[in-house]
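Dock chains X and V against the given chain U, drawing on the hints supplied.
What follows is the residue order along each chain.
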Amino acid sequence: MRNIVSIKRRDIIAVLCLFGLSVFSPACTSRNRIEGFIHYRLNNNPTTLDPALIVDVTGGLIAAKLFNGLVRLDEKLNVIPDIAERWEIKQEGTEYLFFLKHNVKFPNNRGVTAYDIKYSFKRILDPGGRSPNSWVLDKILGAREYMNGKAMDVAGIEVEDRYTLKIKLAKPFSPFLNLLTMTAAYIVPEEEVKRWGGDFGTHPVGSGPFRLTEWRHNNRLVLERNEEYFGGPAMINGIVYRIIPEDLTAVSEFELGNLDVISIPSYEYSRYVKSPKWGSLVSAIEGLNTYYLGFNCSRPPFNNMSLRKAVSESIDRKKILETFYEGRGRLAKGPVPDLLRRWDMNVTNRYDPVSGRKIIEREIAGKLTANFYITPDQEMVDIAEVIQSYLKKAGLDVSIKQLEWSAYKAAINNGEADLFWISWWADYPDPENFLFPLFHSSNHGASGNRTRYANKDVDRLIEAGQRAVASSERDRAYSAAENIIAEESPWVFFWHRTDYTVRQPSVKNYKIYPIYSMDKGLEISF
Amino acid sequence: MSAYVIKRIILLIPMLLGITMITFALTKALPGDPVYTLVGERSSPEIVEKVRKEIGADKGTMRQYIGYVSLLAKGEMGRSYYTNRKVLDDIKSRFPKTLALAAMAMIIAVPPGIGLGLFAALRKGAVSDRIISTASMIFISLPVFWSGLLIMLFFSLSLKILPPSGTGGLRYILLPSLTLALPALATIIRVTRVSVLDVVNMPFIRTARAKGIKEKSINMLHIMKNALIPVLTVIGLDFGSYLNGAVLTETIFGWDGIGRFTMEGIIKRDYPVIMGCIIVGTVLFVLINLLVDVIYHYIDPRVRLHGTDR
Amino acid sequence: MGLTGKISTCILACIFFFSLISPAVVRYSPDAIDLDSIRQPPSFQHPLGTDNKGRDILTRILYGGRISIGVSVIAALLSMGIGLAVGMLSGFIGGKTDFLFMALVDLILAFPSLLLAIGVSVLLPPGIYTVMIALSAVGWASFARLMRGQVLCLKESAFIEAARAVGCGKIRIMFVHLLPQCVPLALVMTGLKLGGYILTESALSFLGLGAQPPTATWGSMVSANRAYINSAPWMVFPPGIIIALTALCFNLLGDDLREKFDIGSRHDLKKHV
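First to last, the sequence lines map onto chains U, X and V.
When we follow our numbering, the leftmost residue of the first sequence carries the number 1, and every step to the right adds one.
When we follow our numbering, the leftmost residue of the second sequence carries the number 527, and every step to the right adds one.
When we follow our numbering, the leftmost residue of the third sequence carries the number 837, and every step to the right adds one.
No lab work stands behind these hints, which were simulated from the structure alone.
It cannot be assumed that every hint is accurate.
To be verified - Here are a few chain V residues that sit away from chain U, every Cβ distance over 12 Å (derived from the structure):
{"hint": "1", "residue": "838"}
{"hint": "2", "residue": "1045"}
{"hint": "3", "residue": "1077"}
As the list claims (entries may be wrong) - In silico DMTMM-like pairs for lysine to aspartate or glutamate, Cα to Cα no more than 25 Å straight-line:
{"hint": "4", "chain 1": "X", "residue 1": "585", "chain 2": "U", "residue 2": "126"}
{"hint": "5", "chain 1": "U", "residue 1": "122", "chain 2": "X", "residue 2": "567"}
{"hint": "6", "chain 1": "U", "residue 1": "118", "chain 2": "X", "residue 2": "580"}
Unchecked claim - Computed footprint of chain X on chain V; a stretch qualifies when at least three of its residues, placed anywhere within it, have a C-beta under 8 Å from a C-beta of chain X:
{"hint": "7", "stretch": "934-943"}
{"hint": "8", "stretch": "1055-1066"}
{"hint": "9", "stretch": "1083-1093"}
We put the beta carbon where it would ideally sit given N, CA and C, even for glycine.
So here's chain U without its partners, still in its complex pose (with noise of 0.2 Å):
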């Protein structure tokens, strides 16, 4: 048998070979990354890149390198010129004239005229076509009779001259420039979009500052820099996005200098922070978001407004936000992240389990339990936990019920679950995006008021504040609306959420936005 133990050798012996070939090769000490290039990770592959068609944050961050829309926001939240030199609003709101530089152009030199505009914003609007953004221009004076087939050109889009486009409202509307800001609205060229055709998604083309030159699916992303781009060349010779699933071999690659910037999973915030090597690199961003746990107001029991505040005073959100959550956040007042408040809140979310329970006690007298919906997310987990654990010392039973994303959407939109976690983010910097699509009854379901929240007075404030012009009477409108919301408590208001980057000491220049779209990637440096 001498001979078996020879060929059990042998065999390790080519294990062996076949290890220290990849360990000594000379390929293992060059690093994975393109010099010049800012590496990044993306923890999904982007589903598309079609401006029209995008409506997940990977999508619109990639975007907003690769196209321009006619505005776009700057780092304090003004609306800023991109494509449109400057803007001139008349009619009491209701008409917008926009003169566009002349220097932008798209990657076939071809320069950016209003047709383009005119084309790209028809195209979102289009019947025939799928694009799920049409919300966002829909407030264009034709647009609704073009989207139903009743009229062949979009009235309220007109072309002055090559470089002057004046666009005209239904009625007024005080955040439509903020609108324009979003992924939606960017500029595509026509000829582009014609030749690829269904496929414009995955070969876009744009007048942005970097160009894709490469996209290996499910891998990475290559951005290129525009030399010609009006703005100036970016300082970066390009961008890759990596995409990388899990948090743990994102940490892994970033602490072996193959990423350049990461955002901090939640559980290695602690640790990067403490760290002396890295505390010092690290960036905060106190975001535009609101964390909630939704009620569904429309049946019984939580159409109950006493027990909605009774579950309301019965969770110690201030403890959970610096305990769990390692202060990763502020605390809300209603709905309109603070950033956005320039108002005071009459109403305070109190804990008092004491009187919590009492009136859990009065108004569910007997036995309930309420189902919790969450998706298997774990931090949704972990927060539906320590929330399930609170509203039972109170007296509340409540079961959870985790549903992957796709089947708890379809949950929440059709109002199945009594209660539910969630978040809502900025698209554009403004209160009437934390207020209409969430609480106005118009909007119930898949549109945002997921809660199914109905109350005339908050629906013709939030109305009232669309319309106003001069931003007192919209911030009053604004205000009045929210602290109805707060005081009949909707949603248990949980906090914004701060969130943190790291990156290698090598990383010049590094900002940090609250909204996806704002980075253009023109500073950052090596």
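Just chains X and V now, with coordinates in the frame of chain U:
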């Protein structure tokens, strides 16, 4: 022989129909709606209806199924709801990655697996046999998402010798394929050991020994030839299931293979993707097992290829 | 029983015992959240530390054992039952029945198993019973194939011939003569499979399809806490080790029994290891 192979391949067609039917029924029965992922967080009922119509989800289930099967008959698999790319193209571009991973895992698992299994069998009861058997059991008993993370942290973060994720040369494939190979290695060791022990006790080996044939030739020729069949079966089964994609391993190591593609399809209810992946996966699985059966026949002509009576 | 078998039995018995009597021996409730003592390393109060919600890890492992082991054992027995019935019928009756049953078995074996389990788990309301059904829906096929092989072998053997010769009916042959010959093999196979079931339960938990929170299972503990492997390793390693240990013991025990009964020869092992 060839008649048998042809018969098995013809049998694939009703089986495929069965698979499409099961998968279709399953995807339709799943709670959740592809439209909601497609339209984002904020969309009016009109948009929801428009998109539903656009992807053809407004038709009856039966019509959708017939539509799909006729598409399949033309050799197409439709386009993804989300990316609007052709499902077949996406599968084609990911398949080589999955194949590479599966093949590499087999390279790592098979030679040492057979070698160690043979060694353990011939030393039955000795300390070395016990160590090998128990160690192989440990590999089988580790959940993949657990062993994968440990392997990544150890080789990438502590030793810094291999990259944690990405694709490219040999260095990228080693860690995921090692993760995938460990349970296969353990299974092969165990099967080889049992199978060799079986053969060693068979009369014809005793006869050979009694006839004075050298130990060396007994070991190699007689034992291996006879012991290989169950080992091959296991290899075929493992290889076949790896070609269906290894979701957890691919997720941990950021490997862009079929497994993650399928999983994403399921999560987003991207029906054309789910159908395409399962059909391709099943066909491959069946073909590989057919290949294994044919190899049996060459190794041991006594194995009759009559399908049912094995 | 060999030494490994004995040791495995002892370890499994300990795990079973402590899981069963857990309410009597632990100081904490498994779901008691204590935000004042989150992520504490092992100490006198918390021998294995606490998790990110201040729950005692040791308590959760003990309670989790009841679910994890219970689910796996029941699912394995369920698959064995179905597999035994289908396999015996298929092997004994033969012909078209056999062909149809085996086509179904092949279909199940060819279908990606995790996917099938996922399919079942999303069809039914989530929870531990669904996990059991999902595991058995996938697991019965290989039992059926193994049992069929066994019946095919036995059918030709002398004692069945003898039974037939003395005029025993088909049903009598099946229940009185064949069944007792099949059960030991099925039981051994169950032992071998149990380890795998615990692992699949963990994989389902990893995908959020297992027992619903806050119920502790070993699999959900590893998958929920895996991210803390760098910052709070005590949250991840104990449940990970106990899964591996239990699976290992089940495997070793099954292996040991198989050798003792001298079954699982090459023919049986073909499709089922």
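Legend entry - Violated hints, by number in ascending order, as checked against the structure: 2
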